[in-house]
Structures are given as C-alpha cells and as structure tokens.
Amino acid sequence: MSVLPFPSFLDDVKEKGFKKAVFEGINEVVERATAGMNVQDIREALRGEAPSRKPNPRLQPHADGFWLHMRPSYFHKSVTGIYPEFRLGWLSTYFVVFETITGIFLMVWYTPSPEVAYANMISIMSAVPLGQFMRDLHRLGAEAMVLIVTLHMLRTFFTASYKKPRQFTWFTGVILLGLTLFLSFSGYLLPWDQLALWAVTIGASMVEAAPPEVVGTNLNLLLRGGPEIGANGLLRFYLLHVLLVPALLFVFTGVHYYKVVVHGHSLPPAEENIGEDTAKRVPLDKRVYFIPDILTSEIMWIGITTLILVILCTWFFHAPLENHADPQSTPLGTTAPWYFLWVQGALKLGDKVFWGIIFPTIALGFLAVMPYLDTTPSRRWAHRRTALTVAFLMISATTVLSYMGLAEFGVPLSADVEILHEMTMEPAHNHMGKLLPIPFDQLAVGMYSTREIDAEAGQEAAAIAALNAEIAENGHMQLITNALSTASANFSGTPSFTLVPSDADELHKALEFFNERMHHDADELVNAWGGVIILEQQADLKRAMAFMIWNEVVFDNGRVAYGTDGEPILRLDENGQPVTRIAMDYVYIHRDAQYFAAPGS
Amino acid sequence: MLQRLIFEKIEQRILVGTLAFLAMMVLVGWIAINEGGRMAAFEQQFLARSIERGASLFAANCSSCHGLDSRGLGGRAPALNSPYLFGHDYFADIRREEQTLNSEKINAATSPERVVEIDARLAELENERQARLAQFGGLENIPGDYDPLAPSRLSNLGYAGSLRSYILTTLIHGRPNSSQYWDNPMVAWGQLAGGPMRMDQLEDLTNYILNYDKGDAWTVEDAVAVRQYPITVVDIAQAGPPRETIAPPDTDPTTIDLDAAVAELGNFQGNPQTGQTLYNGALGCAGCHLNAIVAPPLEGTWTRVVETRAPATGLSPEAYAVHSILHPNEYVAPGAPYIEQANYAPAMPANFAGRLTYQELADLLAFLQTHDEPVPG
Chain L
325 MSVLPFPSFL
335 DDVKEKGFKK
345 AVFEGINEVV
355 ERATAGMNVQ
365 DIREALRGEA
375 PSRKPNPRLQ
385 PHADGFWLHM
395 RPSYFHKSVT
405 GIYPEFRLGW
415 LSTYFVVFET
425 ITGIFLMVWY
435 TPSPEVAYAN
445 MISIMSAVPL
455 GQFMRDLHRL
465 GAEAMVLIVT
475 LHMLRTFFTA
485 SYKKPRQFTW
495 FTGVILLGLT
505 LFLSFSGYLL
515 PWDQLALWAV
525 TIGASMVEAA
535 PPEVVGTNLN
545 LLLRGGPEIG
555 ANGLLRFYLL
565 HVLLVPALLF
575 VFTGVHYYKV
585 VVHGHSLPPA
595 EENIGEDTAK
605 RVPLDKRVYF
615 IPDILTSEIM
625 WIGITTLILV
635 ILCTWFFHAP
645 LENHADPQST
655 PLGTTAPWYF
665 LWVQGALKLG
675 DKVFWGIIFP
685 TIALGFLAVM
695 PYLDTTPSRR
705 WAHRRTALTV
715 AFLMISATTV
725 LSYMGLAEFG
735 VPLSADVEIL
745 HEMTMEPAHN
755 HMGKLLPIPF
765 DQLAVGMYST
775 REIDAEAGQE
785 AAAIAALNAE
795 IAENGHMQLI
805 TNALSTASAN
815 FSGTPSFTLV
825 PSDADELHKA
835 LEFFNERMHH
845 DADELVNAWG
855 GVIILEQQAD
865 LKRAMAFMIW
875 NEVVFDNGRV
885 AYGTDGEPIL
895 RLDENGQPVT
905 RIAMDYVYIH
915 RDAQYFAAPG
925 S
Chain E
966 MLQRLIFEKI
976 EQRILVGTLA
986 FLAMMVLVGW
996 IAINEGGRMA
1006 AFEQQFLARS
1016 IERGASLFAA
1026 NCSSCHGLDS
1036 RGLGGRAPAL
1046 NSPYLFGHDY
1056 FADIRREEQT
1066 LNSEKINAAT
1076 SPERVVEIDA
1086 RLAELENERQ
1096 ARLAQFGGLE
1106 NIPGDYDPLA
1116 PSRLSNLGYA
1126 GSLRSYILTT
1136 LIHGRPNSSQ
1146 YWDNPMVAWG
1156 QLAGGPMRMD
1166 QLEDLTNYIL
1176 NYDKGDAWTV
1186 EDAVAVRQYP
1196 ITVVDIAQAG
1206 PPRETIAPPD
1216 TDPTTIDLDA
1226 AVAELGNFQG
1236 NPQTGQTLYN
1246 GALGCAGCHL
1256 NAIVAPPLEG
1266 TWTRVVETRA
1276 PATGLSPEAY
1286 AVHSILHPNE
1296 YVAPGAPYIE
1306 QANYAPAMPA
1316 NFAGRLTYQE
1326 LADLLAFLQT
1336 HDEPVPG
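Going down the list, the sequences are from chains L and E. In this text, residue positions in the first sequence follow the working numbering: the first is 325, and each later residue adds one. In this text, residue positions in the second sequence follow the working numbering: the first is 966, and each later residue adds one.
Because the hints were derived from the structure by calculation, they are not lab data. All figures in this text were calculated on a predicted structure; none of them were measured in a lab. Be a bit skeptical, because a hint or two may be false.
In the SDA-like style, the derived pairs of lysine to any residue whose C-alpha atoms are separated by at most 25 Å in a straight line are [unchecked claim]:
(1) Lys401/L x Ser1117/E
(2) Lys974/E x Ile626/L
(3) Lys1179/E x Gln918/L
(4) Lys343/L x Ser326/L
(5) Lys401/L x Arg1094/E
(6) Lys974/E x Ser397/L
(7) Lys1179/E x Lys672/L
(8) Lys1179/E x Arg1094/E
(9) Lys610/L x Phe410/L
(10) Lys401/L x Asn380/L
(11) Lys378/L x Leu608/L
(12) Lys974/E x Glu373/L
(13) Lys604/L x Leu967/E
(14) Lys610/L x Leu970/E
(15) Lys401/L x Ile975/E
(16) Lys1179/E x Asp765/L
(17) Lys974/E x Leu608/L
(18) Lys344/L x Ser397/L
(19) Lys974/E x Arg411/L
(20) Lys974/E x Asp765/L
(21) Lys610/L x Arg479/L
(22) Lys974/E x Ser326/L
(23) Lys378/L x Leu967/E
(24) Lys974/E x Phe410/L
(25) Lys583/L x Val769/L
(26) Lys378/L x Gln364/L
(27) Lys401/L x Trp705/L
(28) Lys974/E x Thr629/L
(29) Lys974/E x Leu383/L
(30) Lys583/L x Pro701/L
(31) Lys583/L x Leu970/E
(32) Lys974/E x Thr630/L
(33) Lys974/E x Val612/L
(34) Lys1179/E x Ser1117/E
(35) Lys974/E x Arg611/L
(36) Lys604/L x Asn380/L
(37) Lys1179/E x Val769/L
(38) Lys974/E x Gln364/L
Isolated chain L, as found in the complex (with noise of 0.2 Å):
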C-alpha cells in the first residue's frame, strides 16, 4: 500500500527511515550519472584502495558512460610518464577545449566588421571585465598550441610511432597540424590591427601565387572576399575561424584519438622486439587504470597547465594590439606569424610560385604521407639512420629559412630609412623606436646633436658650440630648418643645438644608440652626424624629431661602391663638390601613453 495514490520516495522513506533513504537516493543518483560507480565506489577509487565489488565498477563508466566512452580504461604502465609521449598529445587536446572556451568568451565582445572590430578590441581591453586577460590567454594558448603539436609531431617522429600500424593516425595528425596552423593564422586577422591586416595580406598573396593563374587568382578572391581584404575578407577569415576550421579541428580530434586507442599508445621503442607492436596486450601487472589514476592525473595537470598560462599572462605575457589596420600604410619590416616565417623565407629564395606553394605543399605533402614511403620496421634509432638525417635537415632548413624569414634578413633598406626607423617607430612585434620609451619629462624641448657623443668627456659644450658656428657656415642649418618645415613642425626662434639635460638619463642614452647606429653604418653614411629636436606640440604632448645628415656614396648593385683607396666613393654634384643629404623621422609623444622598453629589445 503507498503512501500516496502511486508508488514514491516516500515509501522508501516510510519503509527505510528518512536519512536511510536520502543516502541510497543520492547513492543511486550519484550511480546513475557516472554510468556505474556509486558514492562509495568513488570514495575507494580516490582512496586509492581496490574496488571492493566486482564485478570492477571502475569499468563501467568507460562501458556504458558517453564522457568515458572513447577512453581507455586503462594504460600501459609505460606510456604514462614523462616518455616517451611529454603530455604532448594530451596538451594538445587541452588546447583545443582551452581555446575553445576562451574563444567563446571573446566572440560575445566581437563583431566581424572593419568598422567596429578594432573598437570591439579596444572595449574588449578598456571596459570588459577580465577582457584583456582573456584575449592574453586565447592568444598565448593559440601559440602554444602550434608549438605543442608541432612537438608532438615531432615527438611522433623519433619514437617512429608513425611506423605500421599507426600511419592512419599520422596522416590524420599532419591534417590537424595544418588545422592548427590556420586556426592561428585566421585569428590573426580578427582585431583589424595593422599587423592583422598585413600578415594576413602577405599569407593571402601567398596563395594568390598558386598556378595555373586562374587557380590562385580565384583562390585568393575566394579567401579575401574581394582583390584587397576588406569587411568581406574579414567576415570569412571569422568564419573559418570560429564555425569551419573548428569543426573540422573536432571531427579530425575524434578520428585522430580514436586511432590512437584502437592502436594502443605506442610503447618505448627499447620495449618491443623489432617489428612487432605489443601496445594492445598489456599485462596485468603493467596496467595503470584510467580510473582514479589517469583520471586525477590528468585533472591535475589541467589545473597546472591552466596555473601556469594564467600566471604567465598576469606578469609575462600580453598579446599585441598595434594601431587600426590602414591599407594605405604599409609598415616597415612587416613579417608573417613565427610559424610560417620558414615560408617567407623561402619567398626570399627567388620564384613565388615555386618557393611559396610549390615549397611549401611538397613539404607538407612528404610530412603527411612519410609513413608509407618509410616502410623499414624497426623503431630504433640505430636502424633509422636515413630517416633521422632527412628529418634532421628538414628541421635545419625550417630553422635558416625562418631566420631569413625575420625582417632584418636581406631586406634591402638604405640605412638612413632603416636607422630613422629604429629611432621613431610605432610599438609592433615587440619593438619600438628609441625615441618612444623616453619618461616625458626627460623630453626637454631643444635641439641636441650626436656631436655631443662623440666629444671627449668634458669637451661637450665645446663641441656643441663648434657644431653651431660650423652649420651655420656650411648650411647645414638651412637644411634643417628646410626639414622641419617639410615635416610641418612648428618651429619658431632660432635654432641652435644645446647640451642634453643632466637629469635627461634617457633622452642621452637613445642619443647614444643613434650615434652608435650611424657609426655602424659609416660606410653609407659618410660624415654622418644627427640629432634629436624636441618641440612642444601642446601641454601634454611633444613632437621628437631625429634628423641625420651625411654625404651620400655611390651605390653600385645596391652595395657601396668603394675607391682604389678603399674608401666608399662620394656622390659628386655637378660642381664637383659632395652631395649633402638630410633625412628625418618624427614622432608624438604624450604624457600618458606609457611606453615601455620591451623586455630583451
């Protein structure tokens, strides 16, 4: 007879007592949602203790449950340590649900639109709680996760864990490394900064080069929505990151892991007989179960990597946001992302076609389908000396040609553009111009020279005043006063150099820098001799000029052109007498914009 109409808990309660029949209604609860393991199978397995019931309700979960379903329920015990897989695999995957939380964070805040995206970035930084740290965090996880698979490919590689039969699952892990990469390159675009927009256009014009003309052509209209990249552009560089690369990433992550458990992680080459794969048949006394060992392993290590990529974006690590993307002006020395500086590169190597897609897609190609020409059975590395070389200079090449990827690599610049450059440029990739970092108010309004440098200790003012005297003769002030006009700088009253403030430490110190650089340079720069104006624009912000004046040489193939004498040959006017250049750079400077010197700049 029930209590009520129909059967309930509360004939449980009537027949067992209350707290009796709560416990074994949380017990069956609790049963329920793990597929198979109780309170009191829990409380054991974090115990560490044997399961006291069999059959084992440690394997259930892995049985009947969804979560658990594609796990192992158990490892061998030799594949759980640090080798011979470094957590690589497992980080990878922590990155992609890392990312992926992260992301979805930011998509609320983020509209794909060129009009509005940078002020999403910059709301995003300046009035969304934890905002700027998000960013930081799916931008840092974003490079670490190219990182870490690309570890783990290599990884993969001199454990020979690619060998028969797991070639499946290495086709599948080059594909997903290709994945990555997009991700990270797509996501570049999204804040519509100049260094979204430009390492985007040179990526893009890489494929523009794909032959024949009418593949790369469509291709490249294709990707950016139109001949320059625009709000179509970004709206489906957006797209492929958020909606179509992800979901690709998922369903290339089950198959990739799906392959990995029905082959086993593969041993430490040293534990297997030559040829033969023993992942799969596990002695009993070698197994480490998933649960609770792998299991509380792994939520530790969640907790730790996390620790650390949070620790690193409170102190170490702030992802970049340069000025507002501006097709009109193409910055100096702009460079594509690290990782596909080994492509820029080889672009540098001569034909685009052949060096920017060619190259590149032999080079991925050879990668996804290496298992199948390395055919030879043993994972030793005694008996994989062909393979060990070819990946050895493989990884050699990828190094020198993501050095000549750098900007500072046979970028042809004359050295006043360069040196100007050096001394005023905006903050980007991790570097700005000397002039910048300055405290404001060290900028002393006046003019100072590197003849003050190069002057003997005490003999500065000296020199300064013999510097006055000789442009006033020579007409090197008439070029400046031209150049400042030129530059539209508000300059008024009679300009004549002074001496660096004493207590301007800074101002001195970028002096120095820039007197150095153009003795660096003296070859091109004959004669050559600068400084550094400083004018005030209105009460909070200045205008710092650097202007260098030198004797131009003759340039033969892009090269000084030197003399019997060994020295560089001066360009002649038609009088006879040397030309006389003069070149200048400025910036602004306001009292609150905190520059900072970048660290190790």
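Fit chain E to the supplied structure of chain L, relying on the hints for placement.
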C-alpha cells in the same frame, strides 16, 4: 623515473591539483579586483596614443589651413586652439556675482539700504568688466568675429550638442557651404561623407583638437595670439539691402492705389523665365492654378483676360491682371465652378503687394503672356 606517473601517489596528485586550482582562482580573483584600475589606465593610455595619432594626422592634413599651432591662418580657416571654440568665459566670475546680486535685488524682502549697496557693487562689477575687456588689446585687429562677452562658439551657433560631436560632425561632413565666407570650403573628411578618413582617424583628430582645452587656465594671451577667428554667418534670407516691394508688407489691398501701380509697372521690362520661377516656386501660384475646379487654370489665362475679363471691367488687359494679382477679390469671374460651390470663400492670398517688387510683377506678367496655351477643345 621518467616512465612513471608524476606524483605517483594519488594523495599527492589530489593535493597538487587542488592547490593548482586554488592558486589559479586566487590569481584570477586578484586580477579581477584590479580590473577597474587596469581598465581606467588602459583608457587613459589609449586616449594618449589616440591624441598622438591625431597630431600626426593634423600635421599632415589640417595644418596647411588651420595652422601648425592650430591658431588659424588669416583668410584660410579659423583657430581651433582658441578659448572661443572651448567656450571659455573670461567674465564668468563677474557674471555669477551679478546674477546673485540681481536676484537678491528683485527680492521683496531686500531692504532699500541693501538695494543701494547692491547697485554700488553692480557698478563696480561693470567697471571691472570694462577693465578686463580693455586687456584684450589688439583683438580688433584679428580677423573674424570674437566677442569675449559672448564667449561660446557653440552657443552663438545655437548648437545644442557637445563640443566633441560638433568637431566630429564637422570633420565628417566638412563645411560644404563655407565657400561663401572662406576662399576654400572645408571638404568632407569622413569616408561616411565621401572623404578620405576612417571613423577612428576622425576620432583621433577630435581627441587631438579637444586636447587643446586648457579648462580654467585660458589666458588673455591665448585669445590675442589667435590669427583668425571664425566668421559668423548671417542668415542669408535676412541679408542684403531691404526689398522695395510694391507696398509695405501686410498692407490692406483695398488701400493700394492700383492705377498708380499700373502706371509704375510700365517702367519695367519683364523676364518670362524669372516669372516662371516665381510662378512655380516662391509665390506658389502653381499650387492652385492647375485645376479649373479650384482656380482659373494657367492655360488660356491671357486669352480670357484679353477677350472676356478686361472688356467686362473696362480695364486694359495689363491693368486687369495687376488688379487681379494685387487685389484678387476685386473682380471675381462669374460662373466658375469654384464660385458655384456652397462653401465658397475667396482663396487667393491678398498679400502680393507686400511680397512682390515691380520687377517681379513685370516678370510674372511676362510669363503669363507667353504661356497662354488654351486647353484644346
């Protein structure tokens, strides 16, 4: 060692994991607590860098007209670095005290002795104002209109928005009509209005211009250092010499000497094209005279005047037309459909003598005479 779980004992893993999560939460909590300050600092820093970019844009695009120091260039463009744009009132303290005194003065409870005191103080304040005004020596030599006593450019323009919106909208659209008072009009700078600059660049420029504000620290030197003040535009409708209409505005049509008007009109040669513009435009004739149900239609007007209406009144056709325009209800054509209507009331405005000059009346008549196309049938 390398091939075993790190932290082999489960207690160690649970402890380390828990500590890691706790540390993470503490750290995130600490970040969250500091977010307010960090966001404010970011905003300040971003504004500063926006001002820097604005300064670059200004030097490259604006300084050739507004001057490198934004003090304007004579005859080119007005100053932005000026107390006038920011509405600085050099007499704010005097104004405030006067207001207080005046409201006290009109209060019934104020004693007559106090009123005498107040009047004395008001006179003092007026002297103070004149003395301060005298410091603006040389202001009269600066082109443009600036009166320190009417110190706000926005108020003078009747602009009700903020100074930021005033600057920004001016940048977006330029001053399309400013060629009426400057040599070159200010062009539209916003891409929104077909100009070259993106919105964020205009925001940078606006931040830069607003950064000229000195708050309470504007000095008389700032006011007299300006090279060009804005030119106050007069309402064009009220500009120019007064119009000599046939009669003063709002004259009763019955009092007009129509015969004299007809005689005077003989001195003017009409232009039918101007007449057409008046007919269709400013005077609004075409609004009614297109439909025989409402008013006599334009077509055939002159034929009717010459053949029917003028003979019936004994006037010449020109005189009849003048009578009909300046005093429309003097003669009403019998039998017209609009008169037959039960609720007929004279509908033609009777104020044309106050609106038309003789020349315009002549133009109108010329138009009527040359557009006499009788309705077929």
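Cross-check of the supplied hints:
1. Lys401/L x Ser1117/E: Roughly 82 Å separates the two Cα atoms, so the pair is violated.
2. Lys974/E x Ile626/L: holds, 18 Å
3. Lys1179/E x Gln918/L: holds, 22 Å
4. Lys343/L x Ser326/L: It holds: about 19 Å lies between the C-alpha atoms, which stays within 25 Å.
5. Lys401/L x Arg1094/E: violated, 94 Å
6. Lys974/E x Ser397/L: Roughly 19 Å separates the two Cα atoms, so the pair holds.
7. Lys1179/E x Lys672/L: Measuring from Cα to Cα gives roughly 53 Å; hence the hint is violated.
8. Lys1179/E x Arg1094/E: holds, 22 Å
9. Lys610/L x Phe410/L: holds, 19 Å
10. Lys401/L x Asn380/L: Roughly 19 Å between the alpha carbons, so the hint for Lys401/L and Asn380/L holds.
11. Lys378/L x Leu608/L: Distance ~17 Å between Lys378/L and Leu608/L Cα, so the pair holds.
12. Lys974/E x Glu373/L: holds, 11 Å
13. Lys604/L x Leu967/E: Given that 25 Å is the threshold and the Cα spacing comes to 21 Å, the pair holds.
14. Lys610/L x Leu970/E: Given that 25 Å is the threshold and the Cα spacing comes to 13 Å, the pair holds.
15. Lys401/L x Ile975/E: holds, 15 Å
16. Lys1179/E x Asp765/L: Holds - the C-alpha atoms of Asp765/L and Lys1179/E are around 20 Å apart, at most 25 Å.
17. Lys974/E x Leu608/L: Given pair Lys974/E, Leu608/L holds - Cα atoms ~19 Å apart, limit 25 Å.
18. Lys344/L x Ser397/L: Violated - the C-alpha atoms of Ser397/L and Lys344/L are around 33 Å apart, more than 25 Å.
19. Lys974/E x Arg411/L: holds, 19 Å
20. Lys974/E x Asp765/L: violated, 58 Å
21. Lys610/L x Arg479/L: Given that 25 Å is the threshold and the Cα spacing comes to 23 Å, the pair holds.
22. Lys974/E x Ser326/L: At roughly 49 Å apart (the allowed maximum being 25 Å), Ser326/L and Lys974/E break the hint.
23. Lys378/L x Leu967/E: Roughly 33 Å between the alpha carbons, so the hint for Lys378/L and Leu967/E is violated.
24. Lys974/E x Phe410/L: holds, 19 Å
25. Lys583/L x Val769/L: Answer violated: Lys583/L to Val769/L is near 69 Å, above 25 Å.
26. Lys378/L x Gln364/L: Measuring from Cα to Cα gives roughly 13 Å; hence the hint holds.
27. Lys401/L x Trp705/L: holds, 23 Å
28. Lys974/E x Thr629/L: The hint holds at about 20 Å.
29. Lys974/E x Leu383/L: With a Cα-Cα distance of about 21 Å, the restraint between Lys974/E and Leu383/L holds, given a limit of 25 Å.
30. Lys583/L x Pro701/L: Judged against 25 Å, a Cα distance of about 20 Å means the pair holds.
31. Lys583/L x Leu970/E: holds, 23 Å
32. Lys974/E x Thr630/L: OK: Lys974/E and Thr630/L at ~22 Å, within 25 Å.
33. Lys974/E x Val612/L: holds, 12 Å
34. Lys1179/E x Ser1117/E: holds, 15 Å
35. Lys974/E x Arg611/L: holds, 15 Å
36. Lys604/L x Asn380/L: holds, 20 Å
37. Lys1179/E x Val769/L: Within the cut-off at roughly 20 Å; holds.
38. Lys974/E x Gln364/L: Given pair Lys974/E, Gln364/L holds - Cα atoms ~20 Å apart, limit 25 Å.
Taken one by one, the earlier hints fail for this structure at numbers 1, 5, 7, 18, 20, 22, 23, 25, listed in ascending order.
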